[in-house]
Amino acid sequence: MTNFAFGRGAFAAALLLALVSALPAAARAADLEVKIDNFTFGPQKLTVKAGTTVTWTNEDDIPHTVVSTGHFRSKALDTDDKYSFTFTTPGTYEYFCGLHPHMQGSIIVKAVTGEADTKDGATP
Amino acid sequence: MSAQDHDRSHDHDGVSRRKVLECMTWAGTGVLWTVAGGVPTSLGLVGEAMAQTSGFTFLQISDSHVGFDKPANPNALGTLEEAIKKVKALQAKPAFMIHTGDITHLSKVKEFDDAQQIISQAGLDTHYVPGEHDIIDEEPGHEYKERYGKNAKGAGWYSFDQNGVHFIGLVNVVGLKAGGLGNLGDEQLTWLADDLKGKSDSTPIVVFAHIPLWTVYETWGWGTDDGAKALALLKRFGSVTVLNGHIHQIIQKVEGNVTFHTARSTAFPQPAPGAAPSPGPMKVDADKLRGVLGIADVTFKMGNARLAIVDTPLQG
Chain A
1 MTNFAFGRGA FAAALLLALV SALPAAARAA DLEVKIDNFT FGPQKLTVKA
51 GTTVTWTNED DIPHTVVSTG HFRSKALDTD DKYSFTFTTP GTYEYFCGLH
101 PHMQGSIIVK AVTGEADTKD GATP
Chain B
1 MSAQDHDRSH DHDGVSRRKV LECMTWAGTG VLWTVAGGVP TSLGLVGEAM
51 AQTSGFTFLQ ISDSHVGFDK PANPNALGTL EEAIKKVKAL QAKPAFMIHT
101 GDITHLSKVK EFDDAQQIIS QAGLDTHYVP GEHDIIDEEP GHEYKERYGK
151 NAKGAGWYSF DQNGVHFIGL VNVVGLKAGG LGNLGDEQLT WLADDLKGKS
201 DSTPIVVFAH IPLWTVYETW GWGTDDGAKA LALLKRFGSV TVLNGHIHQI
251 IQKVEGNVTF HTARSTAFPQ PAPGAAPSPG PMKVDADKLR GVLGIADVTF
301 KMGNARLAIV DTPLQG
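Protein chains in written order, with the numbering used here: chain A, 1 to 124; chain B, 1 to 316.
Hints listed in this document are in silico derivations from the structure and should not be mistaken for laboratory results. Each hint should be verified, as a subset may be incorrect.
Stated by the list, open to error - Among chain A residues calculated to face chain B with C-beta under 8 Å, some are:
1) Thr57
2) Glu59
3) Asp60
4) Tyr93
Said to hold, decoys possible - DSBU-like mimics (lysine-lysine), calculated; alpha carbons at most 30 Å apart, straight line:
5) A:Lys35 <-> B:Lys177
6) B:Lys110 <-> B:Lys235
7) B:Lys177 <-> A:Lys82
8) B:Lys153 <-> B:Lys177
9) B:Lys70 <-> A:Lys82
10) B:Lys283 <-> A:Lys75
11) A:Lys75 <-> B:Lys85
12) A:Lys35 <-> B:Lys70
13) B:Lys235 <-> A:Lys75
14) B:Lys283 <-> A:Lys82
15) B:Lys110 <-> B:Lys145
16) A:Lys75 <-> B:Lys177
17) B:Lys153 <-> B:Lys235
18) B:Lys85 <-> A:Lys45
19) B:Lys70 <-> B:Lys145
20) B:Lys153 <-> A:Lys82
21) B:Lys70 <-> B:Lys93
22) B:Lys177 <-> A:Lys110
23) B:Lys108 <-> A:Lys75
Unchecked claim - Ranges of calculated distance between the beta carbons of each label pair, as one might list FRET restraints:
24) A:Lys82 <-> B:Gly198: 46 to 56 Å
25) B:Glu139 <-> A:Thr55: 21 to 31 Å
26) B:Phe160 <-> A:Gly51: 48 to 58 Å
27) A:Gly70 <-> B:Asn163: 30 to 40 Å
28) A:Glu94 <-> B:Glu218: 13 to 23 Å
29) A:Gln44 <-> B:Lys283: 44 to 54 Å
30) A:Glu94 <-> B:Ala228: 25 to 35 Å
31) B:Gln315 <-> A:Gly70: 31 to 41 Å
32) B:Phe160 <-> A:Val112: 52 to 62 Å
33) B:Gly180 <-> A:Asp80: 36 to 46 Å
Quick reminder that beta carbons are idealized off the backbone N, C-alpha and C, glycines included.
Given the sequences, and given the hints that come with them, work out the whole structure.
Below, the structure is given as C-alpha cells:
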C-alpha cells in the first residue's frame, strides 16, 4: 500500500530529524513545533529548554485556540495559521483549546543545564 | 419506497425506543414527530402530516458557518441560501425562527454581514444564541453582542413568550474549562431559576442553546458540564423541549417530559459519535451533501402539550 511506503519514509525522516536535533552542536534552544490535527495536539506533551519558542500550527479545517490559563492565549487559528510562544521560565504549562476544551496538551520547560531537548511521545 | 414503508410501519402505533432510534438515524424526507406524554409517534411524511397540523410553528436553523470554504462544503453561504429558500417555501408560515449558533465560521464582520443578508430574506423574526465560532473575534463576543445580544443578559441569554410557550435562549460556549464540556455558569443558572419563577408547571418550555445540554459524546466534548443543573430547574414542567446544534446531525431522545433534539447544519455534516478519529467536517460526495444539511420545523398543538419536529434536508 502506498500509505505504508509513505509512512516508512516519514518515519525515516522523523528519525533523522530526531538525530539531528539531538546533536550537541545546537547551542541555542531549538525551536519546536506542535501540530494541531484531528482535534489533537501533537506531540501532546513536549519537554523543552528554557528559551525555546514553540510554534503551534492548525492543520484542521476547523479553528482552534491555544490557551494556558494565566500564561498565554492565542487568537483563533484558522487552517494553517500559526501561534508561537517563547518559554523563558521553567515549569509545567498545561494548555487546551478554548473552543474544544477536551483538546489538551502540556509543555514542560526545564532550566538550561546543557542537555539536549527531548520530545516525549513525539513518535508513536 | 423504503422511506414510506419505514414511516408507515409506525402509523398509529406507540413506538419503542429502538424504533425511535431507527427513524432518527434514517436520513431522508422529513418525518413529522409528535410527542404526547413522552411517547414519540410518527405521523407520516412531511407533506401529508403538515396538512393535518394546525398548531403554532417555528423553525430552527443551525450551524451556518458562513465563511467556511473547505472541501466539506466550499460554499457554506450558498447552502444557507438554499436553506432559507426552503423556509420561504414552507406551506405554513412559521411564527419565527431560532438560530442555534455558529452563524459564522470565524466571527468576521463580513461573515456576520453575509449571514444577516441571507437570513433576513426569510422575512421572519430570528432569535439567536451564539456558537463558539461566533465569539472568536479580537474582543471575544463583541461582534455577536453588538448585533444580537443588546437586550440579552450576560454573554447573550434571554427568554421570551410566544403563544403561551416560554422560550429560553442559553449560552453554553463561554468560559470553557480545560478538559471540560459546554458551560452555562452560575450567573446564568441563577438567572434561569429566577426566570422560571412564577411560571406554572403546565407552561410548555422550549430551551435552545448551541452545544447539546445533555451529554451526547463526552470524548468529543459534546455535552454541557452544568447542563444537568439547568434540566433540574426544568424538571417540574410538563413539556420541555431542548433544541441544540453544534454536532451537525440529528439526534433525538426523550427522557420523561423532556425531548432533546439536535439540528442539522446548513453548512457541513459531522460524523456520528465515535465514528471517526475526530469530530471534524465530514466530506461526503457532492451529490449527497444536500441530503445531510437541513432545517427543523417545530409545531406545538396547544392544549395537549404536543410537539412535533420535522427535519427537512435541503434535498430529499
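Now the hints, each set against the structure:
1. Thr57: violated, 16 Å
2. Glu59: Violated: closest Cβ of chain B sits about 10 Å from Glu59 (chain A), beyond 8 Å.
3. Asp60: Constraint on Asp60 (chain A) satisfied, holds at 6 Å.
4. Tyr93: Hint on Tyr93 (chain A): violated, closest Cβ of chain B at ~12 Å, above 8 Å.
5. A:Lys35 <-> B:Lys177: The given pair, whose Cα atoms are some 21 Å apart, holds under the 30 Å limit.
6. B:Lys110 <-> B:Lys235: violated, 41 Å
7. B:Lys177 <-> A:Lys82: holds, 22 Å
8. B:Lys153 <-> B:Lys177: holds, 21 Å
9. B:Lys70 <-> A:Lys82: holds, 18 Å
10. B:Lys283 <-> A:Lys75: holds, 27 Å
11. A:Lys75 <-> B:Lys85: Violated - the C-alpha atoms of Lys85 (chain B) and Lys75 (chain A) are around 35 Å apart, more than 30 Å.
12. A:Lys35 <-> B:Lys70: Distance ~19 Å between Lys35 (chain A) and Lys70 (chain B) Cα, so the pair holds.
13. B:Lys235 <-> A:Lys75: violated, 39 Å
14. B:Lys283 <-> A:Lys82: holds, 24 Å
15. B:Lys110 <-> B:Lys145: holds, 15 Å
16. A:Lys75 <-> B:Lys177: holds, 17 Å
17. B:Lys153 <-> B:Lys235: Holds, because 23 Å separates the two Cα atoms, which is no more than 30 Å.
18. B:Lys85 <-> A:Lys45: violated, 48 Å
19. B:Lys70 <-> B:Lys145: holds, 27 Å
20. B:Lys153 <-> A:Lys82: violated, 34 Å
21. B:Lys70 <-> B:Lys93: violated, 33 Å
22. B:Lys177 <-> A:Lys110: Holds, at about 26 Å.
23. B:Lys108 <-> A:Lys75: holds, 13 Å
24. A:Lys82 <-> B:Gly198: 46 to 56 Å: holds, 53 Å
25. B:Glu139 <-> A:Thr55: 21 to 31 Å: Roughly 25 Å apart at Cβ, these two residues keep to the hinted range, so it holds.
26. B:Phe160 <-> A:Gly51: 48 to 58 Å: Hint holds: Cβ distance 55 Å, inside 48 to 58 Å.
27. A:Gly70 <-> B:Asn163: 30 to 40 Å: violated, 48 Å
28. A:Glu94 <-> B:Glu218: 13 to 23 Å: holds, 19 Å
29. A:Gln44 <-> B:Lys283: 44 to 54 Å: violated, 26 Å
30. A:Glu94 <-> B:Ala228: 25 to 35 Å: holds, 26 Å
31. B:Gln315 <-> A:Gly70: 31 to 41 Å: violated, 49 Å
32. B:Phe160 <-> A:Val112: 52 to 62 Å: holds, 60 Å
33. B:Gly180 <-> A:Asp80: 36 to 46 Å: Hint violated: Cβ distance 27 Å, outside 36 to 46 Å.
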